[in-house]
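Protein chains: 2
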Amino acid sequence: MQLLQKNKCFDGEQRTYQIESACLKGSSKFAVFLPSQALAGQQCAALFYLAGLTCTEETFVIKAHAQRLAAQLGLILISPDTSPRGDDVEQGDSWDIGQGAGFYLNATQAPWAEHFKMEDFLIQELYPLLLQELPILEQSIGIFGHSMGGHGALTLAWKYPEKFSSVSAFAPICAPIQCPWGQKAFSQYLGTDQSSWTQHDATELVKSKGALFSEVLVDQGLDDQFYSQLNPALFKSACDVAGQKISLREHAGYDHGYFFIQSFIDDHLQFHALQLQK
Amino acid sequence: MQLLQKNKCFDGEQRTYQIESACLKGSSKFAVFLPSQALAGQQCAALFYLAGLTCTEETFVIKAHAQRLAAQLGLILISPDTSPRGDDVEQGDSWDIGQGAGFYLNATQAPWAEHFKMEDFLIQELYPLLLQELPILEQSIGIFGHSMGGHGALTLAWKYPEKFSSVSAFAPICAPIQCPWGQKAFSQYLGTDQSSWTQHDATELVKSKGALFSEVLVDQGLDDQFYSQLNPALFKSACDVAGQKISLREHAGYDHGYFFIQSFIDDHLQFHALQLQK
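Residue numbers (the UniProt record's numbering), protein chains in the order written: chain A, 1 to 278; chain B, 1 to 278.
Just chain A, same shape as in the assembly (with noise of 0.2 Å):
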């Protein structure tokens, strides 16, 4: 891990990493807040914030405005970048593929499955090395994100919830094979056949493995623009199915973007403090 940038930050530390990943074969940047009481070696709760599209690892750090309660709380936030970066990364010929869209799974189709493993980079490379090198409680990693990164957030959890203790999510993609966003995305990555899609589809994730959190939360602006492609109420309607309690909170006038999530930000961390203390 080398250490790019520090900035003190509400007595705390707000820091860029860059690691050469095997995952994503290439450097990938990532942002780590880190609370007073985790730089007095305390251990302290963790969450992972995934980030939306054409967004990087600077984007929650500058616009979600967590630090101050994270800080009072003592929680770590990590926010990794959304795709692999560099000159021989496949760009994409728009803003919702390729660089900045890799959807926190592995690609399996050519061009893209030599470089987007976002999923096996973040589960089997940036988790155990985190936990390695930070003070990290080990049983108390949350993870939360926004829009695409809500999808991440919501998916990853249900797949690897060994490692995640609580979950929750701003306007996620909640069913990507049902929007046009998520069809071209996994068409790319994970080609035509669609069998593979339902296990990065969070309403699909939720039919099949059932209730595995004591409570989801997610918050959707009801003046998004991009509502069409999210559909809350399929994700809701599997999680009631499955018995998988949900506060879905639908907040009327708000869109898509980080003034949203700023307004809401305090009430989710909270929600992972409480849930990871348990």
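No lab work stands behind these hints, which were simulated from the structure alone.
Even for Gly, the Cβ is constructed at its ideal location relative to N, Cα and C.
Below, in silico cross-link-like pairs of lysine to any residue (SDA-like), each with a Cα-Cα straight-line distance of 20 Å or less:
| id | chain 1 | residue 1 | chain 2 | residue 2 |
| --- | --- | --- | --- | --- |
| 1 | A | 6 | B | 227 |
| 2 | A | 6 | B | 222 |
| 3 | B | 6 | A | 251 |
| 4 | B | 6 | A | 222 |
| 5 | A | 6 | B | 223 |
| 6 | B | 6 | A | 255 |
| 7 | A | 6 | B | 264 |
| 8 | B | 236 | B | 246 |
| 9 | B | 29 | B | 124 |
| 10 | B | 25 | B | 106 |
| 11 | B | 6 | A | 264 |
| 12 | A | 6 | B | 255 |
| 13 | B | 6 | A | 225 |
| 14 | B | 6 | A | 262 |
| 15 | A | 6 | B | 251 |
| 16 | A | 29 | A | 114 |
| 17 | B | 6 | A | 226 |
| 18 | B | 6 | A | 252 |
Just so you have them, the derived chain B footprint on chain A, three or more residues with Cβ under 8 Å:
| id | region |
| --- | --- |
| 19 | 4 to 10 |
| 20 | 60 to 73 |
| 21 | 260 to 266 |
Computed beta-carbon distance windows for the label pairs:
| id | chain 1 | residue 1 | chain 2 | residue 2 | range |
| --- | --- | --- | --- | --- | --- |
| 22 | A | 274 | B | 94 | 48 to 56 Å |
| 23 | B | 193 | A | 267 | 51 to 59 Å |
| 24 | B | 5 | A | 222 | 17 to 25 Å |
| 25 | A | 109 | B | 11 | 43 to 51 Å |
| 26 | A | 267 | B | 5 | 20 to 28 Å |
Given the coordinates of chain A, work out where chain B should sit on it, guided by the hints.
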């Protein structure tokens, strides 16, 4: 005032406006946060925030993390751009002069004098326009800023105390006539006759005009990479001599950036709210 964008945020609205400015001879953008109290028609206290070198009207909005507490306190937040902009506006040969580096004064020298009239723009044009267009309590307007914008806040407060009832700053350029940034900007904008410079130097203004505010709050990081440009001790000394109460807080480990600002932004909002309620 042309509304370019609005986003719901903490039950209020973050807005971006553009106006055609007679002073700047061109269009200028500024951002406004309106708390829910203002949207409901209640007259609210307002704070002007002036940003630093290279910044725009967006910087404060994204990076300072002020909306949460402003919503709670019922404060309107106004953040103008840092200079005139446009293809017909002199660009400057580096990041510390020209576009993004207006220094909140009226340039008198070619090629700057044509557009660089930020002082008149703020005081004669934007201030009365916003009093007319937004539900601002006229006797409850404060000003604060960062670095070059801290210089702007302190100097404009001392020049127009009838317009601003409270003032604070993050890492302000306290004595521009005694530092390289200020000397470069003032010699280009105001000419080499230094007699006009003192009207734009916070330390000199306190010396000449004396104590004008019940208290001034200045936060300064001690790991500030631009510390040698800022001279907080000179300003404090001038305040002490003048009998101007000042709270100069020096913070170990903090640098010049917005991770520092967000760490103490709540204190500034509380400070202004208290001063403006008097």
